Amino acid sequence: MSAVLHPGGHGHGHDDHAHDDHHHAPHGWRRWVFATNHKDIGTLYMLFAFTMLMIGGVLALLIRLELFQPGLQFVNPELFNQFTTMHGLIMVFGAIMPAFVGFANWMIPLQIGAGDMAFARMNNFSFWLMIPAAIMLVASFFMPGGAPAAGWTLYAPLTLQMGPSMDAGIFAMHILGASSIMGSINIVVTILNMRAPGMTLMKMPMFVWTWLITAYLLIAVMPVLAGAITMTLTDRHFGTSFFNPAGGGDPIMYQHVFWFFGHPEVYIMILPAFGIVSQIIPAFARKRLFGYASMVYATASIAILSFIVWAHHMYTTGMPLTGQLFFMYATMLISVPTGVKVFNWIATMWRGSMTFETPMLWAVGFIFVFTMGGFTGLILSMAPIDINLQDTYYVVAHFHYVLVAGSLFAMFAGVYYWGPKWTGVMYSEGRGKFHFWGSLVTFNITFFPMHFLGMAGMPRRYADYPLQFADFNMIASIGALGFGLMQVYFFLFVVVPMMRGKGAKAPQKPWEAAEGLEWEVPSPAPFHTFETPPTLDVTATKVLKF
Amino acid sequence: MSATTKGVTPYYYVPAPSRHPVMTSIGLFFVILGAGQWVNGHGWGAYALLFGLLWTVFVLRQWFGEAAGEAEAGMLSDRVDVSHRWSMAWFIFSEVMFFAAFFGALYWARTQSVPSLGSLENALLWPDFKGIWPSSGAGATGSPAGIVEPFQTMGPWPLPTINTGLLLTSGVTLTIAHHALIANQRAKAIGWMWITVLLGTVFLFCQGYEYAHAYSELNLKLSSGIYGSTFYMLTGFHGFHVFVGTIMLLVMTIRLMKGHFTPERHFGFEGAAWYWHFVDVVWLGLYFIVYWM
Amino acid sequence: MATTVALAVNDLPGGPGVRQMDFQTPATQIAAEQHWLHVVMMVICGVICLAVFGVMFYSIIKHRKSKGHKPANFHESIAVEIAWTIVPFVIVIGMGAMATKTVVAMKDTTNADVTIKATGYQWKWGYDYLKGEGEGISFLQTLDTTQRAMSDAGKPEGDNYLLKVDNPLVVPVGKKIRIITTANDVIHAWMIPAFGVKQDAIPGFVRDTWFRAERTGDFYGQCAELCGKEHAYMPIHVKVVTDAEYTTWVAGEKKKLAALADDPAKEWKLPDLIARGEKVYANNCAACHQANGKGAGPIKPLDASPVVLDADKGKQIAVLLHGQNNGAMPAWKQLSDTEIAAVITYTKNSWSNKTEQIVQPAEVVAARK
Ligand code: HEA
Ligand code: HEA
Ligand code: CUA
Ligand SMILES: [Cu+2]
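Chains Z, D and V, in that order, give the protein sequences. If you use full-length UniProt numbering, the first sequence corresponds to residues 1 to 546, in order. If you use full-length UniProt numbering, the second sequence corresponds to residues 1 to 293, in order. If you use full-length UniProt numbering, the third sequence corresponds to residues 1 to 369, in order.
Isolated chain Z (complex conformation):
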């Protein structure tokens, strides 16, 4: 098996700087539970995220099962709402966010030439905090009254009617928030303070840049979410009236506070994906990333704009005219920096010398399908159109295009791209391509028809629907099963073999034109890398001396 699971097994490349005076990592369970090594913690994060993806995915399949045909067949509407809510929460907070933190843990120290994360113990703490939270979330299904069923947005005052599981959920979210904040501080400090000499900010790999900005978003908005749910908690149990009009409060205030968090949150889930794609496209186009500086500025603009657009989720709450116009214009503006990114990727591909190994397929697939999701977002941002589409399946289609075909696809791209570095083993191209094409097709079968459903007026979070919507729902359900099966295939036939070290041995740099310090260390990456800062060449992509 690879070095990921056996730290002792250093590769023996000429540049392996492992010395005898190293601590060798402990073996057995202690190695994982007490881990302070960024690579181990990264692996833990990824495994956790994948587990949550499976749980969230099974919930999604249960939703699709119930919606396969009109009429209630399997679950009652209350349970259905629990599925929807927990699916959203688990996917957002359990799958997508931790997976990106896993990437950050693995890649940022490698990419900037740092020995580890700035705060290794706190890093482990960020990870282990998620476990009690995840247990509480999943256990809430077994509490009296079942899991929270107020939607992942947890709108008051519906949350005030929920059973005890709501409090479990609130506390779990507090803990997850603390974990995210600590993780982000760790990332920010690592990037700001631990770059190898010569790795100036404007020479950092794009993935590092996107994570730096993402981490700032997280530090800024996770506490706001914590504030929102704390007010929910006190309204539920301590007699306060934050969201209770009878006492002078306002349910809409919850929405403002929530979306002040919620909108930046969606960019938290996409910016690292942009980063991954920005690494992969140049590698397989054999050409430098086009417009590096404008990529950085575009990412920053997206992040800054994301703070002033939140009320586009609230057009139907009845805002004043000026509010509606302001949030409409501001939201539309985000298309401009996002467009810059898309154009830059394409300009990178332009007149390159491309090959289409699996990571590149996912990256190109990402650009194509994410952009479609971006355009539906733009359509939703037009207040008059959104009045028709808000809380319909069109919105569901929009955000699965950006979240599944965006965040998740980029993650798959990243796993194929860096997987050999992590495990020391090449995946099988055939299987990777099958996974890609199968996922792309079934993804579109699942979510494309939802646009039609939404336009025709099918509301979301519905356990049953008028018969006119039957056919598209059925198609979506079939697609969802297919998409789910593709991910099981991915796990069994790509991830498991790689983790068990089955497959061709990965060279130090499997991709001809990949750039960056991660390719300067052997595959699998030794347990310790860059304990003392390496000397870099002027482009900060090559190590001259360890």
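FYI, nobody ran anything at the bench for these hints, they're computed from the structure. It is possible that some hints are incorrect.
Claimed, not checked - Estimated spans, in silico, between C-beta atoms of each pair:
id, chain 1, residue 1, chain 2, residue 2, range
1, D, Gln152, V, Gly314, 20 to 30 Å
2, Z, Val75, V, Ser336, 33 to 43 Å
3, V, Ala291, Z, Phe238, 28 to 38 Å
4, V, Gly174, D, Val96, 54 to 64 Å
5, V, Asp108, Z, Phe74, 41 to 51 Å
Since this is a predicted model, take the numbers as computed values, not measurements. Glycine included, C-beta positions come from ideal geometry on N, C-alpha and C.
Please build the complex by placing chains D and V with the ligands on the supplied structure of chain Z, with the hints as guidance.
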């Protein structure tokens, strides 16, 4: 970690595998389990919560003790020191955002929800409600539905002003202690630190007294509509921060007494001081916005 | 099986069509504008997509290593980058400008001919005609009970499955109808896709929207904000009729209301009041507290509840008038005095509760003061 660079201080100290994080998580598991059950009226929840809190405090003590030991053993290079500075700064920023959520709630209540609940259109639902702030003024029912008992609001005199004085003074005494530490006058530093801790503690007592007064004489409660909600949430959350800050300062005082820190190297101390000043600044905001405006 | 279902269903005029892939046919000026905006957006986005992906796929096909393409060396161009920042910016400004007029029009709820308050309840709609012809009319709109039963049985049928209600909202054609929304418990949303209208109904607050239907007919919508377990079962049915038909309907409705009105001073007999209360209970309370009074999950049982059994009747009256637990149990003060008295009397004398207490409407009147 490897000691590959010159001297004993590693280039960047990476701690060895540690059981503290996972142990703290276990403690927090009991905290959230217990808290979640307790608020729903299950008595055992309170015990689980207490157990979790004790556990967490115990483990954190070990953890921080170990971290302090590493600092004293000279394991932390300048670069680690810079990391500590960045991290404390951004942690405080995250706290600012946490407070921002509650200040935002107050802002919203005052400029949006209360006025619109009392607006002409809303007379359809709440004919008798006057949208004035504080919502207990003459002629106001305190809450649109009349579910809130009459209460009086908390003015700035005298306690909150005394508290302002206490906190501002504590900022000064803390700075004196800091300068004393830099000047290597340890005894003086310790003395001023004790005064600072004392000021923080007195603040907490005053606030406790203020709450008791509010509950018993002003009938101002958590359940006093949006006024009571925002009042207690903001001041209570701040009070909790004062509590944490006081403990930090206390720990720093004890560390000073144990001979920790050097005039050049004492970020543990400085971090606690930053935190304290932050709590101070938030208080000034509270003092003007909650008590005066 | 589902395919047979699909075969058995037809387009629902004023509601969704079978496999419909577009907005519902607009029935108001606003909806038509929204529809038009959407078409324009689709065209613009389509053109951009074609251009962007045209370039991308051209490059994917031509610039391959397998075709022997050698990589070029360029990696930035200030001019190009500025251009593709400015051009989208301009496009976006254009889009915003287009939408503005419609936003302004949507928001203008002044000069309505008829004003109706729509109140969301878990899980039904209450309507009060506040102003204009029909003022004073008020009724509830609930999902037709057979629909819910079909849903539970998993055997749905009918073109208006889940959209059929007991009392449609009737409005005159060509008149500006202002809908004031509010809610009694949690947030709901009142929507009619064909009118291009969707407005959240927020407890404790009023919001408004408007429409002017351009043709007569039946129009359907559903609650569009998650409001608890029966969220999928609180449809909206608007019947747009000619002026003359509307006048007749108003007259009929007024007569019904007069006949139904209760005298709050009347002294009731226990069995009569219980019988009346049972209906009130079934319509309003059973959704949460269950027909057997046992509650569910976080919802408190009424059977053997100390408040219900309490000799002090005032306690339960207060709960009904003001709600409890921060509105988790909403206030029911919109029910008439007789209804409140009846339903309290019913709960005090049902299931295992045998208090023999009777609450007269007059007591509720007094408590309201
Ligand atoms: C990864 C997550 C992600 C991302 C990246 C986005 C991106 C965007 N989103 Fe999305 N959104 C969500 C996740 C995300 N969203 C989620 C989860 C919800 C629902 C939450 C809930 O209610 O549960 C939601 C809901 C949502 C709504 C509310 C819908 C409603 O409830 O009524 C709106 C409305 O404005 C919106 C808009 C946008 C816009 C304008 C973008 C833009 O950033 C997109 C920009 C991209 C492009 C436009 C394409 C590329 C650009 C070009 C090729 C340049 C050329 C273009 C032009 C000149 C126009 N989103
Ligand atoms: C963040 C990421 C994310 C991801 C990855 C997904 C993935 C999927 N989502 Fe998700 N979804 C959300 C975020 C996400 N979703 C959010 C935020 C909401 C809103 C919630 C709310 O309204 O509050 C939502 C809501 C939502 C709805 C609307 C529910 C409703 O309104 O009632 C639907 C309906 O089809 C849906 C479907 C799917 C499907 C089919 C997938 C698929 O991609 C999933 C693919 C499946 C797998 C990856 C699992 C594979 C595992 C197996 C197949 C195991 C099989 C095992 C056995 C058979 C034993 N989602
Ligand atoms: Cu009412 Cu959903
Ligand atoms: Cu958004």
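Verification of the hints:
1. Gln152/D / Gly314/V: 20 to 30 Å: Because 27 Å falls inside the window, the suggested range holds.
2. Val75/Z / Ser336/V: 33 to 43 Å: Since the Cβ atoms of valine 75/Z and serine 336/V sit about 38 Å apart, the hinted range of 33 to 43 Å holds.
3. Ala291/V / Phe238/Z: 28 to 38 Å: holds (33 Å)
4. Gly174/V / Val96/D: 54 to 64 Å: holds (55 Å)
5. Asp108/V / Phe74/Z: 41 to 51 Å: holds (46 Å)
Hint check: no violations occur; every hint is consistent with the structure.
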